[in-house]
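**Q** Going line by line, the protein sequences match chains A and B.
FYI, the working numbering numbers position 163 of the first sequence as 163, with every residue one higher than the one before it.
To get the working numbering, take the position in the second sequence, counting from 1, and add 1000.
Hints in this document: simulated from the structure, not taken from any laboratory.
Don't be surprised by glycine CBs; every beta carbon is placed ideally from N, CA and C.
A couple of the hints might just be wrong.
Ranges between beta-carbon positions, derived for each pair [claimed, not checked]:
id, chain 1, residue 1, chain 2, residue 2, range
1, A, T139, B, G1288, 37 to 43 angstroms
2, B, D1231, A, E31, 48 to 54 angstroms
3, B, R1171, A, G78, 37 to 43 angstroms
4, B, V1164, A, T27, 44 to 50 angstroms
5, A, A44, B, Q1309, 46 to 52 angstroms
6, A, G78, B, E1020, 38 to 44 angstroms
7, A, E160, B, G1022, 32 to 38 angstroms
8, B, F1248, A, T139, 55 to 61 angstroms
If you want the building blocks of each chain, they are given just below.
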Amino acid sequence: MLLQGKAWKFGADVDTDAIIPARYLNTSEPEELAKHCMEDADPAFPDKVRPGDIIVAGKNFGCGSSREHAPIAIKAAGVSCVIARSFARIFYRNAFNIGLPIFESPEAAEAIGEGDEVAVDVRQGVIKNLTRGEEYRATPVPEFMQQIITAGGLINYVAERLRTPEAGGPT
Amino acid sequence: MPMTITEKILAAHAGADRVEPGQLINVKVDLALGNDITAPVAIREFAKIGVETVWDPERVVLVPDHFVPNKDIKSAEQANQLREFARKHNLAHYYEVGRMGVEHCLLPEQGLVGPGDLVIGADSHTCTYGGLGAFSTGVGSTDLAAAMALGETWLKVPESIKFVFNGDLPRWVGGKDLILYTIGQIGVDGALYMAMEFTGPAIEKLSMDGRLTMANMAVEAGAKNGIVPPDEITRRYVEGRAKRPYKFYRSDPDARYAAVYEFDVSKLEPQVAFPHLPENTRPVSEAGDVAIDQVVIGSCTNGRMQDLQEAAAVLKGHKVNDNLRLLVIPGTQEIYRQALREGLIELFIEAGAAVSTPTCGPCLGGHMGILAKGERALATTNRNFVGRMGHPESEVYLCNPAVAAASAVLGRIAAPWEVE
Ligand code: SF4
């Protein structure tokens, strides 16, 4: 799978209140949440983001609350993936569980500039900067997380496991 | 093979003799928790799995606490989803308004979690129960849905960092100050993916309320869990309370740690975290002249009995400053009642505070105390991110209950000894 889009850059420690403020959490509808995606970090973001675009950020992206509404809002806003120096752990889990591709790459987080055209080869974990003609590698994803992605998220994975109990889980 | 307390609890729940940091494991959970923001998503995902019933109606806990008493129609509908799900699945532990509390105050108080437990909750501050010597961690709604169906979850075994707090805590300095100071030292990602183990003479004397406060904020350093070795104080707290058998685990003396920090806390001052990260800490005497519009005493961090007692001790005989509002929110109904019996509620109201039924309310900028543009709040809560308590151009400062009370009297960030 190849993801491609324009990069939007954010700083370090982007928290879940910036990604989707709690004042909008009285709903869990993805389309509603998408309207306010990244609003407290950049109020114009929901209007200017285009399908396929990529969020590029510094360390500890998604820190704070466990709200799954954060990756849901990003995905529903049409963002194809998030690249960061590092991710907060609950955000990391949630992104895999709901099927939002994310990539940890200090190198890419540093080098990619706002507006760069970026293409990501999901399987290989290779990030190409088409604007600058550079290539970066993402930290490999554990085998078990790959299985969740292949199943199409945790719920499908669990449903499958309940059908074939001998199949699964990390051991 | 020596292990830390966290590794031992994880191994026991994975059915293994030992586990090692970095290993991905499947574990049995003792309890799974959701609230009125996260459970509606979990309920929706649960329906897609295709099972008829939850794995154990005694062990799925739903607490509406964030937007209740319902702040608007949408949140009323979210709360209703919890109610209906709880009825349909005969959940033993669903807590209705009037009987509920802020989830992480409520579960330990009701004896639903105990030492040695493994608990996951769709709320990042689920790590609070580490104060009891349990492994507990926050997950997302989809993880909760899977656990509601299976009674299991997957985890990566974290590396542990050991914190040793030496010396006697000075007056007015407690669990909140220790954890704020620690986060100030290591940063908001200083323990990313790791277990924070709190030990040392100062911890051995720290009350259970103080320990729960410390473990509560482990997530503010990026940690997977925070944990305190259980001891006599733990035993006194859980005896007569625990609804299930519990077990004390302790780290082996030669267990491996990714890092060990030693702090001398005998001269530590109360700490204040400045906007907009919990790591921006300063001793209260170096806060400078910061005028405050609203003070909030409450939340899963500092809404417990001891917190209210400390605030009351400072407020006694004083009035809330003309230029600010003071909100006091007891963490649970039980705490509310005890505060009533002890005369604290009367004292708060006489001083000019607003006292509310338990709710998360202002802590997450939900309702009951939202900040206007340019306003500043000082709160005993745990997060001071941009827009956390209201307008994106408002500010939140974090502190302990005694500092909050002193500041409410003086109208600016102040130390408790300034009002004595
Ligand atoms: S009191 Fe605040 S931090 Fe605690 S559970 Fe409620 S919203 Fe979250």
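**Q** So, for every hint listed, does it hold in this structure?
**A** Verification of the hints:
no. : hint                                 : verdict
1   : T139/A - G1288/B: 37 to 43 angstroms : holds (42 angstroms)
2   : D1231/B - E31/A: 48 to 54 angstroms  : holds (51 angstroms)
3   : R1171/B - G78/A: 37 to 43 angstroms  : violated (55 angstroms)
4   : V1164/B - T27/A: 44 to 50 angstroms  : holds (45 angstroms)
5   : A44/A - Q1309/B: 46 to 52 angstroms  : holds (47 angstroms)
6   : G78/A - E1020/B: 38 to 44 angstroms  : holds (40 angstroms)
7   : E160/A - G1022/B: 32 to 38 angstroms : violated (26 angstroms)
8   : F1248/B - T139/A: 55 to 61 angstroms : violated (37 angstroms)
Hints 3, 7 and 8 from the earlier list are contradicted by this structure; the remaining hints agree with it.
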